[in-house]
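2 protein chains.
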Amino acid sequence: MESIWITDVSPRDGLQNQSKLLSTGDKLALIGLLAAAGLRRVEVTSFVSPTSVPQMADAADLLSLVIQQFPQLQPTVLVPNLRGLERARHAGAGEISVVLAATETMNRKNIKQGLTDATQNCQDTVRAAKSMGMRTRAYLAVAFDCPFEGVTPVPTLIALAQQMQAAQVDEIVIADTIGSATPGRVRDCLSILGQGIPMNQLAMHFHDTRGLATANAWAALEGGIRRFDASTGGLGGCPFAPGAAGNLATEDLVLMAQGSGFQTNIEIGGLLDVIEFAQLKIDRPLGGRSYSWLALQKLKGDLEARLLSQFK
Amino acid sequence: MESIWITDVSPRDGLQNQSKLLSTGDKLALIGLLAAAGLRRVEVTSFVSPTSVPQMADAADLLSLVIQQFPQLQPTVLVPNLRGLERARHAGAGEISVVLAATETMNRKNIKQGLTDATQNCQDTVRAAKSMGMRTRAYLAVAFDCPFEGVTPVPTLIALAQQMQAAQVDEIVIADTIGSATPGRVRDCLSILGQGIPMNQLAMHFHDTRGLATANAWAALEGGIRRFDASTGGLGGCPFAPGAAGNLATEDLVLMAQGSGFQTNIEIGGLLDVIEFAQLKIDRPLGGRSYSWLALQKLKGDLEARLLSQFK
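Quick note, the sequences are listed as chains Y and C, same order. Heads up: the first sequence runs through residues 1 to 312, numbered per the numbering used here. Heads up: the second sequence runs through residues 1001 to 1312, numbered per the numbering used here.
Any given hint could be a false lead.
[Said to hold, decoys possible] In silico DSBU-like cross-links for lysine-lysine, where the CA-CA straight-line distance does not exceed 35 angstroms: (1) Y:K298 / C:K1281; (2) Y:K112 / C:K1300; (3) C:K1281 / C:K1300; (4) C:K1109 / Y:K298; (5) Y:K112 / Y:K298; (6) Y:K112 / C:K1298; (7) C:K1020 / Y:K109.
[To be verified] A few chain Y residues that don't get close to chain C, going by computed Cβ distances all over 12 angstroms: (8) P54; (9) P71; (10) L73; (11) D124; (12) A159; (13) T209; (14) Q279.
Just so you know, the hints here were simulated from the structure itself, not pulled from any lab data. Since the structure is predicted, the reported quantities are computational estimates derived from the model, not experimental observations. We treat Cβ as the ideally placed atom computed from N, Cα and C, and that holds for glycine.
Same shape as in the complex, but just chain Y:
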């Protein structure tokens, strides 16, 4: 049975956009529940400016605690630049991600740098991280469409991916930041990308804005992708991209992949615990496309267990 690898991004991409601020203890509990559900790769936090993203102000404390308390996890963290990398290293990071938007305007809006400077910054950060012995990931954001520039040409993606390869990056994550991809475009994009970049070096990051995240993930699986970002309960969104909604839900991806013959080593029951906890903490309902059905199955099981125990 073939395996897929999921990086659950709910503690970072999921939380950074929420109006409710979670305590470090609550985030630890969330990450502990993810680990209990079988996840091994979790995007824990982001070493960005605490003033621009208050949800991530506890990055260093949180990462240290995660490393101490959950040795079974491979935590990954986002760093915007060399300064963020330094903070992440002090907190014990073994893996970092950088984010490179694929268009000039998106970079300017997001980090006030043009595409050339942003690429250089990401290369420098990846090279420095490699020299510290870290595993590295590079996101190519707005990889399908940019809210400001429209369709992102696939040759642009290839060129940027090659720039990151030149910096010895380990993994390149193709991010459908505004959730505008379609399965046909995913298939076509991967068939071109695959000519220059080994499929096992690529991962996909989808948002479910238009309800096509699972179809897109299936097209990626059929295109040879085995590494995915996902967020339990579909928690998330991108604060800098107008119209971006929640991520591909981990439970949807697991349900689809397991039911299609892939191994994930993730327990859906455990993901339901994560969702219940997270929706209480952020104070709004969560859940991907399969959630109402999954929750009903759990209720049926609970009800049966309760009735049976009553008559024992």
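Fit chain C to the known structure of chain Y by using the hints.
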């Protein structure tokens, strides 16, 4: 550009399970809106017993009116047997569908006949319809899983499909009645079915119970399927199958297919009109997985139009 053909089943599969009874005039309006959105193939009604399915009691009147008022449509109707076929013929039907559940138990629960008798009944009905010059479709229901018997073996599907071919049926519709299919199973099923049955004779009918309907439809498209059932707003469900939920939403399929390079000749804006009308009439919210995003785009457009007109 390749085309796909959608049979919108909202007036039949969509309505038959609703507690609110729609008048013949309301159903005509619904069908008129579907036609206005560009749909050409619509499952109008079912010639079943009015006592078991009161929503379909006006079948003959409705079909006659649809034929008179919407000459651009190719209406299709469901008939359970020769008696239903006779009623459909009197009302002017040019195309009928029969439903054959793929398992013994499902047939017994549904129509109080075993699989052998049910197959014979469908063959007789199709043969009679062909002799009247009608186009014919045969549904193979519970084609992936049966709520009573579990997994439906693909060889069973092939055998039943061949029985229907023997009766000269024009189209065979593989129906995921309880919405339990996964894209991997769809791909595998079609690669086997395709060895015995021409792909252009097959159609797929999905339910979105577990949130995988669009992913399943994409797997079917990649497997060579170009004919789909869908229901605008995801309206629907099967009253005889425990756990069955709404159909694959027409707007989700159109959004995915058009965005992946297929032609549908359907206007999504028109589908939003159908959804608005239908949810008022059945008095509950509707909409597929893309609906919240689509509705937001429409609101933005309306708002812009209103503001612009104000300052003109």
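Structure-based check of all given hints:
1. Y:K298 / C:K1281: holds (33 angstroms)
2. Y:K112 / C:K1300: holds (28 angstroms)
3. C:K1281 / C:K1300: holds (25 angstroms)
4. C:K1109 / Y:K298: Holds, at about 26 angstroms.
5. Y:K112 / Y:K298: violated (47 angstroms)
6. Y:K112 / C:K1298: holds (32 angstroms)
7. C:K1020 / Y:K109: violated (50 angstroms)
8. P54: holds (27 angstroms)
9. P71: Holds: least Cβ distance 34 angstroms, greater than 12 angstroms.
10. L73: The assertion about L73 (chain Y) holds, with a minimum of 27 angstroms to chain C.
11. D124: Fine: 37 angstroms to the nearest Cβ keeps D124 (chain Y) off the interface.
12. A159: holds (24 angstroms)
13. T209: violated (6 angstroms)
14. Q279: holds (17 angstroms)
Violated hints for the displayed structure, listed by number in ascending order: 5, 7 and 13.
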